[in-house]
Amino acid sequence: MLTLDNIDQLLFGLYIFVLATFVGYQVISRVPPLLHTPLMSGTNAISGISLVGSMVAAGSNHRLSQILGVVAVACASINVIGGFMITDRMLKMFKKRGPGGAK
Amino acid sequence: MSLPTAVTSAAAHAVQTGAPFAEKLSNFTYLVASVLFILCLRGLSGPETARRGLFFGELGMFLAVVGTLLKVGVEFGWVVQTYTLITVGIVIGGIIGTAISLKLPMTKMPERIAFSHAFGGLATALVGVAEHSKGISNWENPLTHHVEQLSGFKMGALGFESFLGFLTFTGSIMAFGKLQGLISGAPVTFKGQNYVNIGLFIASILALGYCAFAPDLSTVPVFYAICATGLALGVMAVLPIGGADMPVVISLLNSYAGLAACATGFALNQNILIIAGALDGSSGLLLSLLMSKAMNRSFANVLFGAFGTDTQNAALTTTASKPFNEATVDEAAEVLKAAQSVIVVPGYGMAVSQAQHAVRDLANQLEKNGCEVRYAIHPVAGRMPGHMNVLLAEANVSYDRLFDLDDINDDFARTDVVLIVGANDVVNPAAKTDPKSPIYGMPVFNVELAKAVLVLKRSMNPGFSGVENELFFFPNTTMVLGDAKKTLSGMVSAVKDEGGGHGH
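Sequence lines, in order, name chains A and B.
This note's numbering applies: residue 143 is where the first sequence begins, and numbers increase by one.
This note's numbering applies: residue 56 is where the second sequence begins, and numbers increase by one.
Hints listed in this document are in silico derivations from the structure and should not be mistaken for laboratory results.
Be careful, since some hints might not be right.
[Said to hold, decoys possible] Simulated coverage check for chain B against chain A, where a stretch passes if three residues somewhere in it have a Cβ under 8 angstroms from a Cβ of chain A:
no.: 1; stretch: 130-137
no.: 2; stretch: 149-161
no.: 3; stretch: 183-192
no.: 4; stretch: 331-341
no.: 5; stretch: 380-390
Positions of the beta carbon are idealized from the N, C-alpha and C atoms, including for glycine.
Make the full structure from the sequences, and use the hints.
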């Protein structure tokens, strides 16, 4: 059953969720359209934080959790490692040159 | 690479100082990581600070991983066994991730983003199923029956996480398929589709509530039914959405992936997951709102709209009969050579024919002749937010030459030539003049106010959205039909040859 303890946990989580969403919204609304693709690929790398949950599952002592966990760790790592690398590759390309600058 | 050392040093550390300290340290690294994630996003507010910001994000993720290695050790023992599978997973994922990000051409960015949302969704969904089955096995086993109860709260959070994760997984695969051309980009609809989707969604939420309020073994099939519904809904929700609406869909899937990570945080009682997930979720939400606004359409309309299906046939018949100006590459190059100011309006067509380098070559040539070249970037040009900016940056176009809709729209009237490279809806004057047009009200570039408009287009067929574009039949518009890249290369040599004679 849902107990009072659970509800406290839920409320505490919601506090964090709401505040983080506000911070996120404020910070991200300052990102110019120029960088919207790097933003998307960067936040995608950050959402690879599900790596944390995946590692807990893969490191557990329960067989099915381990199997699902290792697949999840691999998926999340693709996003984290690949995501940060490709975002950096993209950001490196954004350069400013003087007027009429040659290539 | 540094992972095995991190593992062993963390383990050795904890053996010396005891598990409680390791757990506190782990929570502390999570706190620092959360702050670093916010700083990462703040860095992205400008191209000068973006790379430093990204470094903060990488550092945050590294700390989060170290913190989790500590946590796992506390919970499951400081033995090699605990870390074997984690290491295997990270190495496999790292190799795949590295290979993709090094090899991938920039034109494939929308596909890669869609694909990574699929991975993110799958990871959270699998964690949900894993945690659920672990909790269930504790129920079934009389020895652990009272050890770790799967509370209703956790059950609900896990169900929501898995539902959203699976939905994101299949939805992103569908989006990937549409972008890659594996599945028809056109909206696929059947009667009552929206009612079925909404009905399934509500049923899943109700089923989740049932699992949360009465978590016992009888809810196990319900949990798996919710997972299956998530998988099905992902497919059915993206199928009816057309290719031109992909920027909104990709942003929305980004948001879902974030929310799924949030739900994991609720289930595992880990604030870092809630914070990082919320940052991702709000970013996706904000982008989808911006994209919807840039198309003057409501969220609901994008999700349930099946854009352009009614007008497609009508548009095809009317365009065939009207007269339009057509020019050869050399004739068009003459027009460009005489221009003092040019604005390039790129669209998805530029990405398709990979013409960004040719665009840059032409712009360099024109600038050598003393012409001012700027680029007008519409928020929904291409298949994801910022798509055109990335392609032009790849082609070495200085980012201070790229202008947003609001910043450049008043300048078209003072411009000699507008060069449209594979853009369609974003330059369609019907959005301003024809209330019957499906894109009426969408903010578009005032390209028709320029002295001359050159449109590079594959053929006279209407674009992806199937909406007729009157601009192509205006007296000051000239069509240059054919592959954009070839046309542009032709123009470069034409401008170069004759530019030398008359130039400065």
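Go through the numbered hints given earlier and state which of them the structure violates, listing their numbers in rising order. 5
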